[in-house]
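Same order as they appear, the protein sequences are chains A and B.
Each residue of the first sequence is one higher than the one before, counting from 1 in this note's numbering.
Each residue of the second sequence is one higher than the one before, counting from 1 in this note's numbering.
I should point out that these hints are in silico values taken from the structure, not numbers from a laboratory.
Don't take each hint at face value.
[What the hints assert, rightly or not] Stretches of chain A that chain B covers, calculated by requiring three or more beta carbons in the stretch to come under 8 angstroms of a beta carbon on chain B:
#1 35-48
#2 69-76
#3 87-100
[To be verified] One side only, chain A facing chain B, incomplete, derived with CB under 8 angstroms:
#4 Asn-3
#5 Lys-51
#6 Ile-56
#7 Pro-66
In this text, all values refer to a predicted model and were calculated from it rather than measured experimentally.
Ideal placement from N, C-alpha and C gives every residue a C-beta, glycine not left out.
There are 2 protein chains.
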Amino acid sequence: MENFENITIIKKANIYFNGNVTSRTILFANGEKKTLGIMMSGEYEFGTGDKELMEIMAGNLDVLLPGNNEWINFTAGQSFEVPANSSFKLVVKEVTDYCCSYGE
Amino acid sequence: MENFENITIIKKANIYFNGNVTSRTILFANGEKKTLGIMMSGEYEFGTGDKELMEIMAGNLDVLLPGNNEWINFTAGQSFEVPANSSFKLVVKEVTDYCCSYGE
Numbered sequence: 001m002e003n004f005e006n007i008t009i010i011k012k013a014n015i016y017f018n019g020n021v022t023s024r025t026i027l028f029a030n031g032e033k034k035t036l037g038i039m040m041s042g043e044y045e046f047g048t049g050d051k052e053l054m055e056i057m058a059g060n061l062d063v064l065l066p067g068n069n070e071w072i073n074f075t076a077g078q079s080f081e082v083p084a085n086s087s088f089k090l091v092v093k094e095v096t097d098y099c100c101s102y103g104e
Numbered sequence: 001m002e003n004f005e006n007i008t009i010i011k012k013a014n015i016y017f018n019g020n021v022t023s024r025t026i027l028f029a030n031g032e033k034k035t036l037g038i039m040m041s042g043e044y045e046f047g048t049g050d051k052e053l054m055e056i057m058a059g060n061l062d063v064l065l066p067g068n069n070e071w072i073n074f075t076a077g078q079s080f081e082v083p084a085n086s087s088f089k090l091v092v093k094e095v096t097d098y099c100c101s102y103g104e
């Protein structure tokens, strides 16, 4: 089972879309930040500040990345990057467990 | 914002009830374990192994504790204990963010 060690976690969850998307923020000693989250089935659009790396641990979703015309399907073990200061759309088809890493 | 520091988090979520209840497990250097979780609206029954302390960070739920005849309402800032090796019922009325501590 993969762990992250020696981290700080913010106790309260981040809650979006009436709880259909939730995450917890973890902070690393080197200043790196990640969120570990759950998306229930549904359609969502998110904006990015920093660049994001989205890693899918479980679930099934279609993603429309910025500048793309085609939706791409992702499942467990796959990941995608989203550029900084952009937006992307998601159609979550099965409850999705993700890890999002921010910045370079 | 309250944090837990110097902890290990298991990357993958614990997923129950088709994702309507999810949590992340965090481990402390002294061996203590907690889960930080989200419950969507719905009715659930859980069994305990170790004794549990459930702290509600956000949300609204009614709880039927073992041996009780009356449901008790809990909201943000409140908490309740569940004895070891027992079961309890929950009616979650608003998306609930919780912290569960195990054992003594």
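Check of the segment 69-76 of chain A against chain B for coverage (Cβ-Cβ below 8 angstroms, three residues minimum): Answer violated; 0 residues pass the 8 angstroms Cβ test.
Interface hint for Lys-51(A), Cβ within 8 angstroms of any Cβ on chain B: 20 angstroms, violated
Chain B contact restraint on Asn-3(A) - CB to CB distance below 8 angstroms: 5 angstroms, holds
Chain B covers the segment 35-48 of chain A, three or more CB atoms within 8 angstroms, holds or violated: holds (count 3)
Pro-66(A) as an interface hint toward chain B, with CB separation required under 8 angstroms: 27 angstroms, violated
Given coverage of the segment 87-100 of chain A by chain B, checked by CB-CB distance under 8 angstroms (3 or more): holds (count 3)
Proposed interface contact between Ile-56(A) and chain B, which counts if any beta carbon pair is under 8 angstroms: Since the shortest Cβ distance to chain B is 11 angstroms, the answer is violated.
Going through the hint list in order, the structure does not satisfy hints 2, 5, 6, 7.
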